[in-house]
Every structure is written in C-alpha cells, then in structure tokens.
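Visitor: Input sequences plus hints: build the corresponding full structure.
2 protein chains.
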Amino acid sequence: MEGEKQTGIDAIGEFGLIDRIKDIIGDQVDETLVKGIGDDAALIATSKNEVLAISTDTLVEGVHFDLSYMPLQHLGYKSVVVSLSDIAAMNGLPSHVTVSVALSSKFSVEAVDEFYKGVKQAAETYGIRVIGGDTTASLKGMMINVSAIGFMQKGKVALRSGSKPKDVICVSGDLGGAFLGMHILEREKQEFKANPEMQPDLDEFSYLVGRQLKPEARIDLIHSMNEIGIQPSSMIDISDGLASELIHLSIQSKNKFKVYEDKIPIAEETRSASMDFSLDPTTAALNGGEDYELLFTLKLEDFEKVKNHPDITAIGYVEEGEGATLVTRSGNNVPIRAQGWNHFRDQS
Amino acid sequence: MEGEKQTGIDAIGEFGLIDRIKDIIGDQVDETLVKGIGDDAALIATSKNEVLAISTDTLVEGVHFDLSYMPLQHLGYKSVVVSLSDIAAMNGLPSHVTVSVALSSKFSVEAVDEFYKGVKQAAETYGIRVIGGDTTASLKGMMINVSAIGFMQKGKVALRSGSKPKDVICVSGDLGGAFLGMHILEREKQEFKANPEMQPDLDEFSYLVGRQLKPEARIDLIHSMNEIGIQPSSMIDISDGLASELIHLSIQSKNKFKVYEDKIPIAEETRSASMDFSLDPTTAALNGGEDYELLFTLKLEDFEKVKNHPDITAIGYVEEGEGATLVTRSGNNVPIRAQGWNHFRDQS
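Heads up: the sequence lines are chains A and B, in that order.
Per this note's numbering, the first sequence runs over residues -9 to 338.
Per this note's numbering, the second sequence runs over residues -9 to 338.
Read the hints as simulated data drawn from the structure, not as lab findings.
The structure displayed is predicted, hence computed values, not measured ones.
No false leads were slipped in.
Any copy will do: because identical chains look the same in the list, a pair fits if it lies in one copy or spans two.
Derived lysine-lysine pairs resembling DSS-like cross-links, with alpha carbons at most 25 Å apart:
1. Lys146 x Lys244
2. Lys12 x Lys107
3. Lys244 x Lys154
4. Lys96 x Lys12
5. Lys130 x Lys96
6. Lys12 x Lys204
Guide: Put into structure tokens, the structure is as follows:
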C-alpha cells in the first residue's frame, strides 16, 4: 500500500472505525441473524421463539487496566462482568462464557491462578459456566478476551433502536463512581511512587474504589423487570459513560433523548470525591464510564410499575427529533456530545 | 503474593497451564453443557437434539504471525479460518463469527481495512456471517480474537474422546507444508534484510507459502462425510502438528494410536523444500503445525466408504493401550512426543 494515503486510527476514533468495518463487512442480516454488528451483543435465532445473544470484549493491559492497582483476581472477575453486562443490555440472562488470555513471560503461573480465581468467582456469583477459551503468549503485557452467551425468547430482546417518543429514560444504580475510583487509585499510585514507605489508606473511598475494581453486571435488574412483567423498549449498558450511550440510543432509535441534570443519580461518595479532584460530578457521570449500569427506555405505563424501585431512576424522556440534550440545573438546554473513551486517542 | 513461590509459565507450557486452569475453574458440566474446556470447541445443548459449538482463538503479532511477511488481508482471512477449523473438528458446520482486534497506533485505518477485507473474503468463501466483535487500542502490536459458532445435531458431534480399538486413523490433505512455508518466508525476510534491493521470487514455492499465508478450513470434508453418511468416532484439527494432536486423541480416548511413517501424506513440494532446509519431512509433518487439516478416526466399515477419497489418507489404527507410536520406514516403533509449539517457551 505504499504511496496510498494512510489515516491514523486516532483521527476517526473507535466508533468511526466500527462504522468503516461495518461498511467493509457489509449487511450481514439473514434469516437466522436477528441483529449483527452495532448492538451490545449479536443475536442469532436458534428456533422460532428463541435467540442466542453473544457478546465479546477485549481488555488490554495499559489501555483498559493497570496492574499496579488492579489485583489479578479482581481483573478476572471484572473481565467476566463486562461481558455479562452486554448480555444484560439485550434484556438477556447470560449462561456461558469463554475466557481467553494472552500473557507475556513476566507473568507467573501463580498470577494466572489468581486471575482465574476471579473468573470462577464471577461464574459462581452469576450462576454461569466457563466453557472454554484460549491461553497464549503475548510479546508485552496481558490481553483478555471474554465472550458471553445467553439464550432468550425472541419477544424479550431489547435493542438499542426500539425507543418511541414519550418513553421514559431510566438508569439503574448511580453513575460516575467508577471514574472517581480510578482517579483515587491513580492518585495513590503517584503518591506510592513518590514515597514507597507510605501505606495507602483507601478505606474512606471503599465504595468508589470498589466501583472501579469490582463492578457488577445488573443481571439482578433483568430478573426484576422480568418478574414485574415489563419490557424495556430500548437498552444499552453504560460502559463508556452516559453521554456516549444516550447518543447511541438516540442515533439508533432515530429519536431525541432529553435528560435532566438534577435527575442523574450520583452517589454522595462520588459528589464528595469530585470536589477533592475539582471535577464536576455531572461530567463524571456523563463521560466517566465503566459503571456497567443499564440505560433503558420504558413505555410510560411500564414506568409506573417501577417508579418506586430503589435502583431505577427516571432521568428524562424520548421526544421526536434527533440528538441528546441535557437540561441543566439552571434550565439551559445543552447538546450532549460523546466524549467517553477514545482509547486510540488516549494512547497517542 | 509476595514471598510465595512463583513459577514461570514456560516451565509448565500451554497444556500444563490449561490443566491448571481446568482445576481452578472446576467441573463445569451441567445439563445444558455437553462439553466444556478441553476439546476444539465447547458444546452447549440448545434443544433436545441440537447443540451449539463455540470456539475461540487468539492470535498475537510476533507470536502467531509476523507482519513483515503476512499481508493483512491474508491475516484477516487466516484468523477466521483458524476458528472455523475448530468447529469443523467437532464435525460441525460453522455459521457465524465475531472478530475482535486490538491495535497499536502504528496501524492506519487503511491497514484495518485490509484486515477486514480478508475477514470478509473468508466469510464469503465459507458462507458464514460476521456478527460482531470489538475494536480497541493495544500498547504494542496487533492482537486478534475470533470466536466461531456452529449449530449441529447432537448425534453428529465428534469429540476427541470417541475412538475405539480397531478404528482407522485418517488425515485430510497433506501435512508439513505450512511449516516449510514459514521457513521459506523467514529465509526471504533475512535475505531482504541483508539486501533490500533484492526482489523475492516465491513463485516456485507458491504452494508452501500459500499453506502458511492462506490456509483453508476443511469444511468441504465435513460436508463430504455428511453426504456419504459417515461419522468420525473422534476428531481434532491439526493446528499444532500431527504429533501433538495424536497425543490429544490418545489421552482423551484412552487408547493407543499407532501410525505408519510411510503413510503420512506429504506433498512433493514439502519433501523437496525439506531437503533445501536439511529438515526431515516426517518431522515437519509431525511437529510443524498450522496445516489446519483434520485428524480423525473411522470405524473400519466407514473407512471402506472413503478409502478412495482423494483427500483422505489412512495413516494407522487405534489399539488398546496408551500413547502414540510411529512405525518408521525401517519398521521400528518410536514413541511420539508432542513438540508442537510452546509459545511460552519460544518467547523466553
């Protein structure tokens, strides 16, 4: 390809790259494939009423995790959780995972044991089976790939594209905590570098550090909505930050998503730590990512059934139109732009 | 884990590591899981008569491929083929793949395009669908993970463990070619380094170079055996070399595998190039790997139906006992030991 124009990946970002790949691969929808590239998980019809959801996630040392503060057992746990969360985002219940790791020679067998103990712990917590994977050498650092599988009734599937005007926009749990947890861990790392004698005291930040090191997939909420008998009209998990996920739902649903700043659920611990770091807590919630909570839309009558649910918060509603808008505390309408993580840009 | 004993991964190798991981993860067999860790693909029962086969493979730059002679389009093709071959090894027909890549900033968007063109070409060749994946940054080089899925009738599954004494041991195609192809490409690379003006002339080696750069998964043979109505009693794909795969079948079947040196199919091109490199062609076939042919066992009456098949060669038979034995041209019985690839050792 000498002489041809070469474009840096950082110039188009991950989403630009995915769009380009979609163009090359072409339309892959057939009679068995319910949904291909472009949702949290791919869906394949296995019978008239059942679909298989499959998601795959890659985690790279130095890009997605830092082993200087991420214990390997937590990393094993989190790697599985990240993948299960994608199945939850389809309104599915995961049943099986494959876990592949590539490792450089700096890793000991005992380190690999620690990682897989975390994998097993996640499997036990979520009642899923680890059915395979691949172990191989890497030239540098550790890379992890987890694929998760779940089976679900066709009518249960929640795509990114399903919202309708007047639907209520909801999130589970609280947002921004994992982002602050990362800031706290980074600060401890720098302080430890400056003064290795110092013992880190993370007790007062245990909630936020836990959000970063040991997030949970909201499978509980999928069960809960199933039991109440409500069906999200659209859903996505919050891996890159609320802003980015709102824009995904808006683009794929071809609707406008309007959310209210004062409704966004943010824990006290997150607000307090945001002040320490001179960060705006709303920005942490919008752009922080890694909370692995669910963002979904409900028909108004369905929302009535969960409006007192302690873990579900309505943050706005769907309108005709396009884009995502934040109504600030002062009543201004501010367009939401995805900042999320451009790992390709972070790196360069 | 300070103060605890640390064991280098190279001391136990990939298979030792997999055994250790199996011990930690524990027995994952349940009512839905037909087969977990330890075969070419995992199997999950989706209905009373149907199972889902899923395989996952990770390819790491500098470990599994060298971009100085591996064109990215071929790499995309080969990455898919490697994963499809695992489904074929279960006697299954693959239907869908997910393709994930991690890339450092040295890669251009155009390079990613080339890779996915190869992915698409493989999808078209094999009539499968690319249904998702993940793209992310890496700190160094390129890493690829492909998961393949296929659905099959439960009665069609060929495990590694199914052979019976008196079964005929068969291989498809010819062996050792991919290994010689790699030697030729390595030699060209060294010559190019010494004299960059030189134009490589690989025409006379096109068969062997093609075996290395653009292998095929033997889906054609799965169709062919289906049509003839024969069922392999055990099967594995030859990714690490015939020796290693014979030992896998022997251990998992709890039988002895006896093969005849003069029966091992080796192409003329492979024999001739082996002489150039002062290599024993039998060693290339036994330990070379990456041919992605199939090694399988057939009941004698089934073998009768394919004995004239141009692409199937009987190389020996199964006996009661354990281990794998090579009967040399001179009639000696030599125990076969797996050399294959220990990427962890290669690296250190």
